[in-house]
Amino acid sequence: MKRNNSLMNRLLMLLVFLFLYAPIFLLIIFSFNAGNSNMIWKGFSLDWYAKLFHNRLIMESVYTTLLVSLLATVIATIAGTFASIGFYAMRRRIRTPLMTVNNIPMMNADIVTGVSMCLLFVAFFNGWENFSVWFNSLGLFQLPTRLTMGFGTLLIAHITFNIPYVILAIGPKLRQMDKHLVDAAMDLGCTWMQAFRKVILPEIKPGIVSGALTAFTMSIDDFVISYFTAGSGSSTLAMTIYGMTKKRVTPEINAISTLLFVTVLLLLAVINIREARQERAALRRK
Amino acid sequence: MKRKLSFLSIPYVIWMALFVVAPIIMVVIYAFSTADGGFTLANFARMGTYTVVFTRSFKLALIATLICLVIGYPVSYLMSREGPRFQRIAMVLIMLPMWMNFLLRTYSWMALLENNGLLNQLFQNIGLIDLYNRIFGTNLTFFRMINTQGAVVLGMVYNYLPFMILPIYSVIVKLDHNLLEAARDLGANSFQVFRRVILPLSLPGVLSGITMVFVPSVSTFAISKMLGGGTELLLGDLIEQQFLGGAYNPQLGAAISLVMMVIVVICMWIMNRFGEGEEQAVMM
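Residue numbers (this note's numbering), protein chains in the order written: chain A, 2 to 287; chain B, 5 to 288.
In isolation and in its complexed conformation, chain B is listed as follows (with noise of 0.2 Å):
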């Protein structure tokens, strides 16, 4: 009987064949197309002289990664052991960020880490800077923070953050309490439990916060560009370049997009295979 409802989806069937599809077709297309309609694979050939760009997104949405892994999991972990009251106004907290645009969070960044920012500003009056130049003996008057790939790195982490924690903390928070209480009912320490019993049950959370830190910030590009002073040029970077930037090349932004739907898919397969990591990706 119920399957009788299933023709309510056919609507939006058709919306995803027009504007999820047809796009992706369509970027195929240009990707193995010359400027006026012929086959060639010449924009993945030429991708080899933008190797730089492929090693420095990679590095830096890597440590990115990393960073927000290595905060992410203990504050997911210690949230989900607090009272309710606390867990709901941290996941409130958590959230709330990202309803300012993060565009504008990034454009306060610049302000914090500009030469004679509020950040230099602070180290200069707590005596930071002279401690520097004292142990060092070198000779500055500002640290440069902006337009470094740090100032790129601190970007992501700060913007991305919030998608490791949620998709942790949303796992960790569902974990069985009786197995916990078993593993220590038959001897195992705190720290054994979390080894044996919460880490890897907490996996595919994790799995899923690397993916949803590490695909944006392969190809963010306007971090790159407000932190990272345009001198740092990331995959995202060139891709825009090719379709509104100086370089007009849609063919070859096309192809590199591909190369990143094809790291997205591998992304994906590998989190598939750990369950249903992806079902909780998003859960909020």
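Chain A extracted, bound-state conformation (with noise of 0.2 Å):
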């Protein structure tokens, strides 16, 4: 009976993990046709991978799109990491409605984040434009009139909605720790630095691998955000994706998408093994 029931079990979560890989499979078979089309399959060819190198339009979006993710993600765990730290130190009065404007990129829809951003920095040229054009006036040296939208501004709303990300994997981590390790650190003569990096990090060190991980998943796979911050100026996979179905889709698409997919699932799956080696020879130890 028990064992019955356990493969019902195992084949419900089977059916499920299909339903989420039917589509990726069909990418990355799909990859390999001959012909350029999703349905029909019209033999094995690398093709698409040859030509995927010689586009220049993919390219320059995969390049975008993990420059941002990279540099947004190391900036949002080091920015998060000193940003929750403070907040653990904060007393509870300030740091619940910190916290609570902490939460909001998260919480609130990809578009209304997206939209409001568009409008502050529309507003923000806006206002340089005027202030820009009446320092030139003054003849000190000549500042640019025309900013417009485009890498800095998808890389300050990633980096802004990748830190609560971060913040929310080490706040368990810093509550977990004993709380005088740091006070005793600090009354036996440390620096807050020392402190931080003798104390603190070693205890909140997986909330921070954590962080980056959630944080960098994000990035990679946010595309509305990035669609209302990025401007015409740059465009990330996942936008050039978005053109391409109002017209045609290539199937150098595919190509990439394999290729990601394949660089994804090695690094996982070193990640999980570094880290179930970890657990064993801790286990050891003990």
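Honestly, I wouldn't trust all of these hints.
[Stated by the list, open to error] If you want the ones that stay clear, here's a sample from chain B, every Cβ over 12 Å from chain A, calculated: (1) Leu132; (2) Tyr136; (3) Gln196; (4) Ile202; (5) Leu207; (6) Pro254.
[Said to hold, decoys possible] 25 Å max Cα-Cα, derived DMTMM-like pairs, lysine to aspartate or glutamate: (7) Lys247/A / Glu236/B; (8) Lys8/B / Asp188/A; (9) Lys178/B / Glu61/A.
[What the hints assert, rightly or not] Partial list, derived from the structure: chain B residues whose beta carbon lies under 8 Å from chain A: (10) Val17; (11) Val25; (12) Ala26; (13) Ile28; (14) Tyr34; (15) Leu100; (16) Arg109; (17) Val219; (18) Pro220; (19) Phe247; (20) Ala258; (21) Met265.
Since the hints were derived computationally from the structure, they do not count as laboratory data. Ideal Cβ positions, reconstructed from N, Cα and C, are used throughout, including at glycine.
Assemble the dimeric complex from its two separately framed chains, guided by the hints.
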């Protein structure tokens, strides 16, 4: 009875995973298609991979996506780590409202976050134009008068929606930490930097890693916020695909999807094997 | 002593003021202003003409959330009862699709659902379409799947199902096993254990799952455009059109965004009433 039951359970989970992965496998299979359709199989070829590397539009947007995700993850992880230590050290009365504001980008609909930032950037650029025209008339040195949305605004947006996830991952680790450790370290003559490096950092490291991982995931997966904040200057992969779906999607998209999927799969496999090994080593030490 | 460290958050507090609070203030200002800057409530009045879009968005998002819950709860529950190795792999497998941008995955569904797409080819080959025609006396050569509301709901369920599974799973997996044992010792059968102990205790996870599926579903615009063919206009499409589309009217767009924010605030308020829901919301 028990065995039977668990077989049914496994079957249900298998179905859900099949549902989640069928479209992805489809993209992978058709990336090796000789024809240019996602519906009719015309034989095996690697044509689309060769063409992919000559498609400047796609390669540039892949580059933009990776660059913005990596930069945003690094900056957000560092900023988020310091911010969560600061929040942790605060009085509850001050921390609670700040945490509510911190949660806004996470809870808010992506489109609202994107639109609101877009409005802010446009307003700022207008203000800047007035200011710089006035400033240039002074004749000290010349400022650029026209600023437009592009990589810079895209990066700001990504950092802004990534930091909350980092803080969310680090917060619990800080609360699990012995409260007196930091006090003891500082009583014994540590500067705050030493207390941070020698006491806090080792304790919250798992939180930082998972926060960074989540931040990177969110950056890679984002489309809506990028769409509203990148302007016409730069385009992420998602934006390029969205632009294509209005006309015609080229099968190079399948090829790049496959490459991305395989990369992520390998990366996650390595991370997980390493984690499992570390856990086993920790168990043995006990 | 540790209070000294609170200065570390000052840069981020400034950042939040600039890029979280200020943009929201911008939305509020725009929502209440005319094109040349005066105060008005007309933007909200104009929303009345889009009641159809509002009801459609809510309907589709609610259906998608319900389906996600019906699939997601059993999956999270069953997953939590497996061994640690299985759980670890299952978690990775659920997270993995998120690393492929959701537009890629949605684009793949377009090819699946097409009139001469793979699903219809499959149905043709296994004789499902013939069977359907025989039973209902119709003369179909394919099932119309793309550009329907069903396809949009499918896209929402597909993209946001992990957001339902993760919070529920993370709550269930942390349940105290002594509680379950105590319930069983006191004579509860497995259904009673589930209904009286597991279900109430997993409610925070369920609520944050519902929020995390409902909010992106009600505000999506790419899914409806790709799978709904642009005919099934949703709230997200409406906002997008006011900013980047043909019907340029940022004031109206801001007003709709403000309504959306109110919806989110209501969701958050409900969640907070049930305790630490949002804490667990995105913890993976």
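Notebook entry, point to check: Measuring from the C-beta of Met265/B to each C-beta in chain A, is the shortest one below 8 Å?
Noted result: Met265/B check passes; min Cβ-Cβ to chain A is 6 Å, inside 8 Å.
Check: For the hint on Pro220/B, does the least C-beta distance to chain A fall short of 8 Å?
Finding: 7 Å, holds
Checklist line | Hint status (Cβ of Phe247/B to nearest Cβ of chain A, threshold 8 Å) | finding: Given a least distance of 6 Å, the restraint on Phe247/B holds.
Margin query: So if I understand the rule, the pair passes when the alpha-carbon distance is 25 Å or less; does Lys8/B with Asp188/A pass?
Written below: 12 Å, holds
Notebook entry, point to check: Regarding the hint that Val17/B lies at the interface with chain A, is the smallest CB-CB distance below 8 Å?
Noted result: 6 Å, holds
Item checked: Evaluation of the interface hint that places Leu100/B against chain A, nearest CB under 8 Å -> Interface hint status for Leu100/B: holds (7 Å vs cutoff 8 Å).
Next item on the list: Have a go at the Val25/B hint: is there a Cβ in chain A nearer than 8 Å to its own Cβ?
Entry: Because about 6 Å separates Val25/B from the closest Cβ in chain A, which is inside the 8 Å limit, the hint holds.
Item checked: Non-interface label on Gln196/B, tested against every C-beta of chain A at 12 Å -> 18 Å, holds
Notebook entry, point to check: Can the hint on Val219/B be confirmed by a CB-to-CB distance to chain A that is less than 8 Å?
Noted result: Nearest chain A Cβ about 5 Å off; hint holds.
Item checked: Residue hint Ala258/B, partner chain A, criterion CB-CB below 8 Å -> Holds: closest Cβ of chain A sits about 7 Å from Ala258/B, inside 8 Å.
Item checked: Minimum Cβ distance from Leu132/B to chain A greater than 12 Å, as the annotation requires -> 17 Å, holds
Next item on the list: Let me know if the C-beta of Ile28/B comes in closer than 8 Å to any C-beta of chain A, holds or violated.
Entry: The hint holds - Ile28/B has a Cβ within 8 Å of chain A, the shortest such distance being about 6 Å.
Figure legend: structure checked against the earlier numbered hints; hints not met, in rising order: 6 and 9.
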